[in-house]
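Enquirer: One-letter residues, chain by chain:
2 protein chains.
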Amino acid sequence: MRVAAVDDSGRLLETISKPTALAQGREHVVREISGSIRQLLPTFAHSHRWLGVGVGVPGIIDLERGTVDSAANLPGWNDYPVRHELETQLGVRVLLENDANCAALGEKWLGAGRDVNDLCMITLGTGVGGGFVVGGKPWHGVTGMAGELGHMTVIPDGAPCACGSRGCLEQYASATAIRRMAMEAVAKGTAPGLAEALARHGQEVDAQIVFECAQRGEPAAGAIFETVGKTLGIALGNLINALNLPLHVVGGGVANAWDAFSPAMMRELNNRSIVFRAGEPRRSQHKATAITRTTLGKNAGLLGAARLPMLAEKSACCSLAV
Amino acid sequence: MRVAAVDDSGRLLETISKPTALAQGREHVVREISGSIRQLLPTFAHSHRWLGVGVGVPGIIDLERGTVDSAANLPGWNDYPVRHELETQLGVRVLLENDANCAALGEKWLGAGRDVNDLCMITLGTGVGGGFVVGGKPWHGVTGMAGELGHMTVIPDGAPCACGSRGCLEQYASATAIRRMAMEAVAKGTAPGLAEALARHGQEVDAQIVFECAQRGEPAAGAIFETVGKTLGIALGNLINALNLPLHVVGGGVANAWDAFSPAMMRELNNRSIVFRAGEPRRSQHKATAITRTTLGKNAGLLGAARLPMLAEKSACCSLAV
Chain A
86 MRVAAVDDSG RLLETISKPT ALAQGREHVV REISGSIRQL LPTFAHSHRW
136 LGVGVGVPGI IDLERGTVDS AANLPGWNDY PVRHELETQL GVRVLLENDA
186 NCAALGEKWL GAGRDVNDLC MITLGTGVGG GFVVGGKPWH GVTGMAGELG
236 HMTVIPDGAP CACGSRGCLE QYASATAIRR MAMEAVAKGT APGLAEALAR
286 HGQEVDAQIV FECAQRGEPA AGAIFETVGK TLGIALGNLI NALNLPLHVV
336 GGGVANAWDA FSPAMMRELN NRSIVFRAGE PRRSQHKATA ITRTTLGKNA
386 GLLGAARLPM LAEKSACCSL AV
Chain B
86 MRVAAVDDSG RLLETISKPT ALAQGREHVV REISGSIRQL LPTFAHSHRW
136 LGVGVGVPGI IDLERGTVDS AANLPGWNDY PVRHELETQL GVRVLLENDA
186 NCAALGEKWL GAGRDVNDLC MITLGTGVGG GFVVGGKPWH GVTGMAGELG
236 HMTVIPDGAP CACGSRGCLE QYASATAIRR MAMEAVAKGT APGLAEALAR
286 HGQEVDAQIV FECAQRGEPA AGAIFETVGK TLGIALGNLI NALNLPLHVV
336 GGGVANAWDA FSPAMMRELN NRSIVFRAGE PRRSQHKATA ITRTTLGKNA
386 GLLGAARLPM LAEKSACCSL AV
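Those protein sequences? They're chains A and B, same order as listed.
Every number in our numbering is 85 more than the matching position in the first sequence, counting from 1.
Every number in our numbering is 85 more than the matching position in the second sequence, counting from 1.
Since the hints were derived computationally from the structure, they do not count as laboratory data.
For every residue, glycine included, the Cβ atom is placed at its ideal position computed from N, Cα and C.
Treat the hints with caution; some may be incorrect.
Some but not every residue of chain B turned toward chain A, in silico, with C-beta under 10 angstroms [unchecked claim]:
(1) V227
(2) G287
(3) I319
(4) G364
(5) T374
(6) I376
Isolated chain A, as found in the complex (with noise of 0.2 angstroms):
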């Protein structure tokens, strides 16, 4: 857990940084973030006026009642009253957001689209996870559910997926998909580096190893950041084809494999979407869709959940954010 607090220039004043006891229960961890919050207050007490608290949580808020409707890390946190227990400890005004479209709203703000009003985040992590952004907001859909990028179809006979689907870009452009196709080449026999690197890590093989043996050429390695790349381009082309938004930022642990990963997700976004091709005469007038990397990091989300309060209110100010 990070809680930091930021003023209204996307300055981080201050962060805190602690484990979070989720096996102590709920009302343990809320405590521990309004104390967690409370450490920060002189910070900026005596210099900001303090708007409210955003709150990004990995999970489906329901953003009427103030609850995390389903979260697979929050088990029991269902009909929680979060935000209104966070709120009578704290005084002030609090905001739920789900964490991705935090990301989103952060890139927004201060990061890769500072620049646009309408934007796409995909965060390639141990899953697959999207927010969007659309005039300046986060996009959350008629059930709040918007944004699950990791279970688009991208392979309609692939790889089944937890989520009852088959072939989902999850199966294919996550990390955990990356150690699973790591795997299977090495059971294969032909990826000799792969091989080497599972058993010098064993279990702890991930996505970071496996970039690390595409970068000294080895051949099974560089496949599956095709595979990654390819099956992000057909997701990214049917979301442009279909919307036409002006930026995609790709974030999440998986986006430092960019360079692996990127010639093939621009190739097969080149060969599949009419609506990414036809934008490239404009490209340089900043009249096209780009995709491009998180310039913000880990931070996006943080910065992006401290902006809510902001939203929310309209004068000079800061708030904090875990």
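Assemble the complex: chain A is given as a structure, and chain B must be docked to it using the hints.
Expert: This is chain B only, laid out in the frame that chain A set:
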């Protein structure tokens, strides 16, 4: 070409239909449009204030310049200042809009989308087109090309498409695709009913005839609409997972075969879209993603075009549509 006078309650006061003499050139067509509009003036001139003219165009519009950038059926119109010409000839405000966006706006105003502010319209005709309404207004995208839903990839290694990609939705869910699949089934020799229809109608075999074969129980015709439904389900599932819009309206001539393709479409959607499925318990409360047929049919685009000058103005009014 159809020209209509529409009042601000959505009533068609009067409609004129005439063939569009495209071969006689753009200046001629524009004069025909303004002539037809003048013909309609007496219908409402004494009872209504005339707000302006909305024009639905089957192509990509440059909204700033008021030109038609790229339209397969309007060669030679590039850079021709259509909007300026019409405004000069008529002395009122003229708004150009892509025809699929007009249909989406029409459905939002008076049709299936009356109760929502955001929707996606997908039009299954000779090709597959689409349009989005976001916040009650047409969504254009950064280069004005949003809504190219026919070129979303549904089968990555599927049938080649004129756009340069493979496996585009248009290759499976358009009237053209239905005809192609019917001819392929006949060539295989396993579709006697279709073969008989093909022999009877020759080059005239269209989606309606294949639909009739499916209704009579021809398995090969049924299989074609399975493909239509399945690929639509993949494309809509991707859109719903990404955007979680409240409504998707299916229009165009192929929508008449709704009974033949919608079961496969809904099955695929349920299998593929975690966001669609999650809405299930709330569907009765209108807090979920819905898929429905057009309720305005061929009038959707005309009514949507008529809505454009009303959205640009605010008071009680009347406008004309082309």
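Enquirer: Hint by hint, say whether it matches the structure.
Expert: Consistency of the hints with the structure:
1. Proximity of B:V227 to chain A holds as hinted, the smallest CB-CB distance being about 4 angstroms (cut-off 10 angstroms).
2. A distance limit of 10 angstroms between C-beta atoms decides the matter here; for B:G287 the minimum to chain A is near 32 angstroms, and the interface restraint is violated.
3. Evaluation of the B:I319 hint against chain A yields a held restraint, the C-beta minimum of about 5 angstroms falling below 10 angstroms.
4. The interface hint given for B:G364 is met, as the beta carbon of that residue sits about 5 angstroms from the closest beta carbon of chain A, less than 10 angstroms.
5. Taking 10 angstroms as the C-beta contact cut-off toward chain A, the hint placing B:T374 at the interface holds, the least distance being around 6 angstroms.
6. With a least beta-carbon distance of about 13 angstroms to chain A, the hint placing B:I376 at the interface is violated under the 10 angstroms criterion.
Violation of the numbered hints given earlier is confined to hints 2, 6; the remaining hints are satisfied by the structure.
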